[in-house]
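A.B. asks: Modelling step: build the complete structure from the supplied sequences, incorporating the hints.
Protein chains: 4
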Amino acid sequence: MDFTLNDRETHWRDRVRAFIESEIRPRDPDYHAQQAEGDRWKVLPVIEELKEKARAQGLWNLFMPPSSGRVPVDDSVAFDGPGLTNLEYALCAEEMGHLEWASEVFNCSAPDTGNMEVFHRYGTAAQKTRWMVPLMRGEIRSAFLMTEPDVASSDATNIETRIDRDGDDYVLNGRKWWSSGAGDPRCKVAIVMGKSDFGAAKHQQQSMVLMPLDAPGVEILRHLPVFGYDDAPHGHMEIQLNDVRVNAEDAMLLGGGRGFEIAQGRLGPGRIHHCMRTIGVAEEALEKMTRRLLTRTAFGKTLAEQSVWEQRIAEARIDIELCRLLCLKAADMMDKVGNKVAQNEIAMIKVAAPRMALRIIDDAIQAHGGAGVTSGYGLAKAYAGIRTLRLADGPDEVHNRAIARAEFGKYRVR
Amino acid sequence: MDFTLNDRETHWRDRVRAFIESEIRPRDPDYHAQQAEGDRWKVLPVIEELKEKARAQGLWNLFMPPSSGRVPVDDSVAFDGPGLTNLEYALCAEEMGHLEWASEVFNCSAPDTGNMEVFHRYGTAAQKTRWMVPLMRGEIRSAFLMTEPDVASSDATNIETRIDRDGDDYVLNGRKWWSSGAGDPRCKVAIVMGKSDFGAAKHQQQSMVLMPLDAPGVEILRHLPVFGYDDAPHGHMEIQLNDVRVNAEDAMLLGGGRGFEIAQGRLGPGRIHHCMRTIGVAEEALEKMTRRLLTRTAFGKTLAEQSVWEQRIAEARIDIELCRLLCLKAADMMDKVGNKVAQNEIAMIKVAAPRMALRIIDDAIQAHGGAGVTSGYGLAKAYAGIRTLRLADGPDEVHNRAIARAEFGKYRVR
Amino acid sequence: MDFTLNDRETHWRDRVRAFIESEIRPRDPDYHAQQAEGDRWKVLPVIEELKEKARAQGLWNLFMPPSSGRVPVDDSVAFDGPGLTNLEYALCAEEMGHLEWASEVFNCSAPDTGNMEVFHRYGTAAQKTRWMVPLMRGEIRSAFLMTEPDVASSDATNIETRIDRDGDDYVLNGRKWWSSGAGDPRCKVAIVMGKSDFGAAKHQQQSMVLMPLDAPGVEILRHLPVFGYDDAPHGHMEIQLNDVRVNAEDAMLLGGGRGFEIAQGRLGPGRIHHCMRTIGVAEEALEKMTRRLLTRTAFGKTLAEQSVWEQRIAEARIDIELCRLLCLKAADMMDKVGNKVAQNEIAMIKVAAPRMALRIIDDAIQAHGGAGVTSGYGLAKAYAGIRTLRLADGPDEVHNRAIARAEFGKYRVR
Amino acid sequence: MDFTLNDRETHWRDRVRAFIESEIRPRDPDYHAQQAEGDRWKVLPVIEELKEKARAQGLWNLFMPPSSGRVPVDDSVAFDGPGLTNLEYALCAEEMGHLEWASEVFNCSAPDTGNMEVFHRYGTAAQKTRWMVPLMRGEIRSAFLMTEPDVASSDATNIETRIDRDGDDYVLNGRKWWSSGAGDPRCKVAIVMGKSDFGAAKHQQQSMVLMPLDAPGVEILRHLPVFGYDDAPHGHMEIQLNDVRVNAEDAMLLGGGRGFEIAQGRLGPGRIHHCMRTIGVAEEALEKMTRRLLTRTAFGKTLAEQSVWEQRIAEARIDIELCRLLCLKAADMMDKVGNKVAQNEIAMIKVAAPRMALRIIDDAIQAHGGAGVTSGYGLAKAYAGIRTLRLADGPDEVHNRAIARAEFGKYRVR
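Top to bottom, those sequences are chains B, D, Z and L. Mapping of the first sequence onto the UniProt record's numbering: residues 1 to 414, in sequence order. Mapping of the second sequence onto the UniProt record's numbering: residues 1 to 414, in sequence order. Mapping of the third sequence onto the UniProt record's numbering: residues 1 to 414, in sequence order. Mapping of the fourth sequence onto the UniProt record's numbering: residues 1 to 414, in sequence order.
Keep in mind the hints are simulated off the structure, nothing from the lab. Certain hints may be false.
Just so you know, same-sequence chains aren't split out, so a pair can sit in one copy or run between any two.
[To be verified] In silico lysine-lysine, DSS-like type, Cα no more than 30 angstroms apart, as pairs:
no., residue 1, residue 2
1, LYS53, LYS202
2, LYS301, LYS340
3, LYS188, LYS42
4, LYS53, LYS336
5, LYS128, LYS188
C.D. replies: Dropping the structure here:
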């Protein structure tokens, strides 16, 4: 074991950190100004501008694992990414977590990252050419349509969207929500999970198909605010699929009835990426809290001198250190023994990281008084965003169940 | 001691409950529709309509304590309220807490309730005629300008707004925020806390003055979102006072240098009213959670049958019962021994009630999955609203300090 | 509702409090000295001496509810108790909780209190004469044998002890543990729960029979330490019943197959008595913590001045107030609507009170440093004792389940 | 970074694990039987016997870091230890934590480990020959006398024991407690912290001197039970020093006024060793809890099938993984950048590990019902032991303060 960062780990983390501090953070006012102006569902120029810069410096597609090799459909190297390990990327992703909109600048934001991995692993050459290449170039964005409002989607066998074969087409019908990113005008394609065979075995009823966002019958009903935030221009959309037709050959991923298999493969990295960023969110909240406590005075001394805050600051520091290590360990296991063997560790950090960050952000809110619950410091928004992570990609309870069953499995008499 | 509700307590609680269920709750869709339409800072017809009904039934100004007697400036009885005790009102206020906008229908919403009490106790006949009568009739609304963005306002001696005498006028300069209700077009008057004598003893520098909202120099800078919610048309505003002139005789409450005294008197009932409603918010969240768990199925059984939820439901029920009793006890003490003697109990429930409700709402959010963090069930909004109560009228830490000092005082060797 | 103590409530509480402070607490060193000397399983003279005094002052059998009427088997009034309501007794029992061994002085200690109630409600005249009268006179003590080491006794249908009819006798076989009080040489009788009919309906298999402790075949295997405390001379014993014969007519309580019914009736008051005392334990811990913090100095100021302790002291005070009210409400309901209707409230305080006290005692331990975990202040012992209450008379989880089911019952579609 | 154990790490951990499972755990009944027999303050033959075996296999003095080199005072290599890094030792110490008395078998138990390090770093050749050699051979044991009952010893400047020079001697006067290990008849020497110069600068008043336990004037007043446990034959003693004379030259460690310096050096490894073992204690509790839940049935299904236990088991597993990683990181830092640079990480795990273990043990107790709070499964005893670690070597609050100050230091404007 070795807890010291090696040169390559330090190199990439530091480059990302430096780019954020020198290029992105100074533009934060621009970002918010552009976001506040006029229509909320639009492309923000500041993002596109910074994407160019990041790509030019090779800080691009950092999430794509080395096992991905070169994408065979294109000669360009630039968009291919440096082939970081999950561990190396984890360190970078933590940095990106410090600023709400930093990930996209590096073409590393959800759900595109997970979708690109799906294309990479399971896509046909044609599917890659059509969708993956522009995604890796940062030209389009994508969505992932899985969760449904009408059923407990934590149990994915509940999903009710139909994928019916009709001649050369599949016909899609159902209602999806939490289709994140579908509010963005650049969002061109969605991966849709549905049931193609209601009579098959429980975990073979599902398939995943590709659906152009502009296909007839795709009706975006509304955006779902998170607490009161619309997260525009990204957005979390509720979408009705009314007899949406997609060409069967173009659309099917991997094969009929293999939707569960893809979902399992996709969710591991997706979960861990969220956790990595969550560590950064927590670090940012801790820094804000610490600075605030040093500068506010009540009843004759700074808040920093009041010992209850010493305890909270220390708890925050401890909890961040604890979670960072488990997150890095899970990433390291993904690199060395694969996502499947690492699934228990991924589940653990999936539960632990948001819980930790919520506690710290909540304390930071308290330290900021009225400024904590409103805009300006970003704390209430961070709270809202992280709170969704206790539900997204499976609620805590489902992950805890899996972890518990692994324990019970050690001792159960068979 | 007697833990059974008497007839009068039951009577008023049940009437309020029935009115809410039969008149207000069925109009909730109208409320949200009217709020969503066009300009957000407007009077909602559904409210005005229901206010008429409530007033006609005598469900009006329920908060005004019996000690208030008849308001001497007006012969009308209708708007005077039934003279409920704090204990009786507590039971009614809990009912109002079930629905976000119910309080206003009964002319019982903050900050008007606290402001009316201030007028009643400390106002001159002229001040009462001009401001209190229309407030008690529900014709205008009011604001309370105390907290400031630039200082830790938990220590009210930090306040920096100036109240300078200039001839017959006071001239007000400073910046205030969290001026709740000032977004409402009906909001006509504010009580402003500032320093009229920077050289006086620490707690005698402050005064409270009345300020018409339309006075020249009153600049409403922005509304402060709470976790993304604008709380329109009520709103929490940030307000700049630029050389605002008010007539000295009209404006001064109670007397120069007595601002602290008024603040102490005002905050007791204000705090307890929030707590009463908070109990109702928690009850509503528990009901929603319970219903949800009964109707969602995952992994072969309803969520209600999964024992982790049994534990959470039970904890919620226990915590509500605990807090309700302390809230009612504090109210009973206010009735019998006065706000000052009850201040420790008020502080306790001020800390305990929001903490309890936040836990329950958070569990309810988790039980609702994605539906919990968005609109539709009102849970995320309730969370945001209650979260502010750990800061409003003094943060937990300041109340806990006061409670602790009372304990230390019992044993300290003098 | 009325949260003020009436004269009678104040009267009895104050008399008990005064007796404890003037008569019992000063003898605490004697108690510990006598306990430490020689054999641990013996009668302590200081207890017998003080019992005389308490009985002479009418501070005796305070737990016995007024509904008990006069005990018909004896003319003496003295031992009959003043007929306090549960609410009145609750206030007295809290006082008794301040000192570990105070309850017994008033003939109000478990399991005798519960057993006396059982005799009173369900006993025949002969059973009362033989066992209840000497118990109410404080001449003997008793035990209650329910829990068994080999099964999850939280589900009482698991109990395996056999009560087999053989001619005029019942023959008892089985193993019991947590037979509290059976270590005392004065302990003469046990109420034994077992199965008299393994073929009956699930809740009609059980009976309760009386068993003299000196019956042949009663083998006391060992005392069960609680953490490392033996709780001598009371003791919690593990007992083997080897073909113990009791006369069928003398022994059977209420009737064969009615053991569950008696258990339900017995456990309500038993649980609430523990809760009442637990409030007193918590108050005592809070007082010790407060005094300690005022007198210890570290890093230049007293611990009391360090704000983390302000927060903990305040939380302790709040939590005690919350629990006391719920405990009193449950007692009041038992008086007014009966134990059965009050069962939900009893379950709630059964869960809430130990949880609250453990937190406070733990903080008090921390405030005392090394002195907290050892003898001298009684905190570690109090912790150990209260920790058992999360298991005794049903673990938290079982009570929470019952509470949750009541909630679910409100909304379940039938 | 690398989270995989290398061969050497695996080798030592597995050897220790195998020795415990094959040699020590099977003798646990002997250990308890010998401990229960007759006098409690005696040498247990089972320990001495197993020490021989462990030493013969080279599983001896594993704690001694490689930097220690060979001990120059003796040619023997056998007792010198394999020179494990802190990281390697951490993995072994976790294994030792599984069984309460395992550490001593490997000559790795506190306070000897810390004391041997002190001798090694700061002792003269004569001091090493006289005390360190027999300690490293496991022939004698030792104590560390720092904490005092009369002052808040968390602030070591409060210490009041006097070390007065008188001719060739130092004369020691004062009262110490929590002198762990001083109950053992093999305990021959103590390191005593006291003040040799009350007029010096605050952190230069203290010295550490060696004191033979049999020196005249050393009066062992009593053992301090921990939650009722005497921890015999080790014991935590309260000791009065009455004019105890020690030869000045033989006794002084490092030099007058350098006691603080030694304390700082000693406490780092001491703290981390406790944390390492604590992880093992938690693992053992989790295993017991898991096994219990699988084998107990209530209300128709095993406890393992009740989802509240799934959540608790998962939380336990997560918390153990989190803490193990931080513990290993702190150890790795001690190896690579030294104890001083690692002090923040040491403080963090010092706070986090006991907190984690207490939660898990408490849940395990709950899962065991009445069996949890008594002897048999060792859970209550483990709880008591770990609870002291929130106080020993500095209470949580003091460590948290240090951690917080490091955070504040990052941003404080100088």
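A.B. asks: It remains to establish, for every hint, whether it holds in the given structure.
C.D. replies: Hints, one by one, checked against the model:
{"no.": "1", "hint": "LYS53 x LYS202", "verdict": "neither (47 angstroms within a copy, 56 angstroms between copies)"}
{"no.": "2", "hint": "LYS301 x LYS340", "verdict": "between (53 angstroms within a copy, 27 angstroms between copies)"}
{"no.": "3", "hint": "LYS188 x LYS42", "verdict": "within (14 angstroms within a copy, 39 angstroms between copies)"}
{"no.": "4", "hint": "LYS53 x LYS336", "verdict": "neither (32 angstroms within a copy, 38 angstroms between copies)"}
{"no.": "5", "hint": "LYS128 x LYS188", "verdict": "within (14 angstroms within a copy, 63 angstroms between copies)"}
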